[in-house]
Amino acid sequence: MFKRILIANRGEIALRVIRACRELGIETVAIFSEADRGAAYLELADEAICVGPPRAADSYLRIDRVISAAEIGNVQAIHPGYGFLSENSHFAEVCRSCDIGFIGPTPEAMERVGDKNSARSLAREAGVPTVPGSDGLVSNEQEAVKVARDVGYPVLLKATAGGGGKGMRVAANELALASAWQQASAEAQAAFGNPGIYIERYVERPRHVEIQILGDQHGTIVHLWERDCSTQRRHQKLIEESPSPRLPAETRKKMCEAAVRLAKAAGYYSAGTVEFIVDQQDNFFFIEVNARIQVEHPVSEMVTGIDLVKAQIRVAAGEKLGLTQKDIVARGHAIECRINAEDPAANFRPCPGRIERMIAPGGFGVRWDSHAATGYMVPPYYDSLVGKLIVHQPTRREAIDTMTRALKELRVEGIKTTVPIHLEVLANTAFHEAQVDTTFVERMLAK
Amino acid sequence: MSASDNPDDVFNVKKVRRLIKLMKEHDLSEIDLKQADHRVRIKRGGEVFTTTSFPTSQPAVRAAAPEAPAQQSAADARMLVIKSPMVGTFYKASGPDTAPFVKVGDRIGAEKTVCIIEAMKVFNEIPSGISGQVVAILVDNGAAVEFGQPLIKVDPEA
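Keeping their order, the protein sequence lines are chains Z and D. Residues 1 to 447, numbered by this note's numbering, are exactly what the first sequence covers, in order. Residues 1 to 158, numbered by this note's numbering, are exactly what the second sequence covers, in order.
Heads up, a few of these hints could be off.
[Claimed, not checked] Derived DEER-like restraints, expressed as beta-carbon distance ranges:
#: 1; chain 1: D; residue 1: THR113; chain 2: Z; residue 2: ASN347; range: 27 to 35 Å
#: 2; chain 1: Z; residue 1: ASN347; chain 2: D; residue 2: ALA75; range: 50 to 58 Å
#: 3; chain 1: Z; residue 1: ILE63; chain 2: D; residue 2: LEU33; range: 48 to 56 Å
#: 4; chain 1: Z; residue 1: HIS218; chain 2: D; residue 2: VAL104; range: 56 to 64 Å
#: 5; chain 1: Z; residue 1: ASP58; chain 2: D; residue 2: SER94; range: 42 to 50 Å
#: 6; chain 1: Z; residue 1: ARG234; chain 2: D; residue 2: GLN133; range: 55 to 63 Å
#: 7; chain 1: D; residue 1: ALA143; chain 2: Z; residue 2: ASP135; range: 28 to 36 Å
Keep in mind the hints are simulated off the structure, nothing from the lab. Given the structure is predicted, the values throughout are model-derived calculations rather than measurements. Glycine included, C-beta positions come from ideal geometry on N, C-alpha and C.
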């Protein structure tokens with residue numbers, strides 16, 4: 001087992017990893033940018049090293065400085081968290097060549113699943129259904145027209161190097177395709193440095209359902225069931241829950257098995273998520289793999305009772321998972337709300353600033369994962385996540401009630417947050433009746 | 001000039017307290033504000049500052065502390081610090097048996113290499129960036145340094 005780990009991240013996920021390490025008896029080295037200097041969670045690490053000025057590109061994304069910090073911090077491994085360098089196979093490769101453990105998949109597995117297009121090919125090989133679409137990247141507008149005709153409108157143009165819901169454009173018909181193609185390619189180049197686009201049929205009003213998988217270095221791969229993340233706004237998840245309401249048992253079983261097959265085909269180990277969309281007829285289609293621990297991992301932890309971050313660390317240290325699929329039982333219902341520093345009344349404009357007063361909710365079945373506290377300055381340089389509020393109760397109805405109660409108890413004063421939107425969603429009849437797809441939030445807001 | 005309730009006065013208690021609070025929040029070690037011929041300079045670190053009246057042309061807001069530090073902090077205030085531009089290990093010389101790049105008292109130019117910071121087996125020569133006289137070397141040879149860490153204190157007016 002590692003003696004010391006460096007956490008190459010910040011905020012709530014850095015705190016999450018620090019907590020897991022403290023419980024495992026592993027020392028921690030945290031890194032921070034000048035914008036995060038003085039943050040309370042850093043005091044929980046055994047050592048904290050400044051790696052640069054505020055901008056992520058000058059600090060958290062600086063591989064050289066992260067590795068140097070790992071060297072002077074005397075660590076045996078690095079946990080990359082999510083975002084930042086977590087899906088950067090070059091970084092994973094650098095760790096390997098510096099003999100520092102990377103707590104995640106191998107660089108090769110990461111590349112196999114990270115490129116959206118190659119992941120689709122892998123899915124097809126593994127007998128995992130994919131959305132009807134182009135066979136690889138589309139080279140030009142003329143080809144796009146041909147592919148779109150074969151696939152059938154409406155179509156979705158997606159950046160192969162995209163992720164996090166970015167780099168996507170819908171074209172409802174052939175007239176709209178030309179401009180959609182030009183915009184998508186330009187955006188892809190600008191945002192990801194890779195103009196590659198592939199085309200899929202656009203599934204209308206899909207549900208977003210993802211499967212948590214976990215593998216060790218000894219060939220065992222299991223799933224921890226699903227999370228339904230349909231409550232999104234502009235492809236950014238707001239609320240996640242497990243189990244996925246209204247998902248037939250047979251569909252759930254097939255999706256979970258497909259996810260494990262895909263992970264095996266990719267030679268994947270550690271934690272990962274296989275994302276699917278589910279159409280109105282309960283057909284499911286593979287979208288992409290997230291080769292990292294995800295923001296919403298606590299949802300799966302609550303229903304299965306398995307600490308995913310500890311599992312990642314143990315797997316990276318070479319231990320066997322010690323679990324078989326039949327050991328993994330989902331109990332009750334869990335919901336997570338991502339509390340962001342954004343103003344819902346001002347088009348969700350980010351609201352960095354000082355939290356004048358914060359009171360965390362509590363009680364039976366309530367979990368609050370946050371690095372923030374009274375007096376904390378939410379910096380403007382990173383994502384706007386202030387904290388994750390998670391509840392777990394025996395039924396969905398009770399989970400909704402507890403989440404509503406906990407959201408009302410939560411106080412974050414001095415900045416605006418998305419709490420009012422969460423409350424609105426939780427009070428909505430369509431949400432109660434689980435008639436939710438990825439267009440739901442925007443339709444609700446439009447009213 | 002004494003601490004007043006006039007909100008336009010630089011020595012207004014509320015304003016000064018707010019400045020101190022801002023300094024703590026943003027981890028500033030020093031601010032120096034001028035308004036007409038009034039001036040407020042506040043320095044953090046080790047000493048606690050509260051408002052008090054101070055009849056000279058350079059009022060520094062400070063606590064019940066002896067007079068000598070006032071002159072010392074005036075001198076200290078003009079010192080500049082060479083900060084580490086990277087994460088790594090600090091070496092004062094290019095080899096274990098070589099003379100250090102700089103020592104206290106040396107006059108240096110901005111291009112002078114003042115130390116080496118080693119990271120990932122690469123030895124990076126760090127230029128001064130400041131011309132003046134070396135006042136202090138703040139880091140031990142072979143110590144780990146983080147980004148922004150103060151390495152060498154230089155008096156730019158010497």
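Is the hinted range of 28 to 36 Å satisfied by the C-beta distance from ALA143 (chain D) to ASP135 (chain Z)? Violated: the Cβ-Cβ distance is about 57 Å, outside 28 to 36 Å.
Range hint compliance [Cβ, ASP58 (chain Z) to SER94 (chain D), 42 to 50 Å]: violated (28 Å)
Is 27 to 35 Å a correct range for the gap between the Cβ atoms of THR113 (chain D) and ASN347 (chain Z)? About 51 Å separates the Cβ atoms of THR113 (chain D) and ASN347 (chain Z), which means 27 to 35 Å is violated.
HIS218 (chain Z) paired with VAL104 (chain D), Cβ distance criterion 56 to 64 Å: For HIS218 (chain Z) and VAL104 (chain D) the Cβ distance comes to about 58 Å; the hint holds.
Starting from the range 50 to 58 Å, see whether the pair ASN347 (chain Z) and ALA75 (chain D) falls in it by beta-carbon distance. holds (53 Å)
Looking only at beta-carbon atoms, does the pair ARG234 (chain Z), GLN133 (chain D) fall within the given range of 55 to 63 Å? holds (57 Å)
Take the C-beta atom of ILE63 (chain Z) and the C-beta atom of LEU33 (chain D), compute their distance, and say whether it sits inside 48 to 56 Å. violated (40 Å)
Going down the numbered hints, you'll see the structure goes against 1, 3, 5 and 7, while the others check out.
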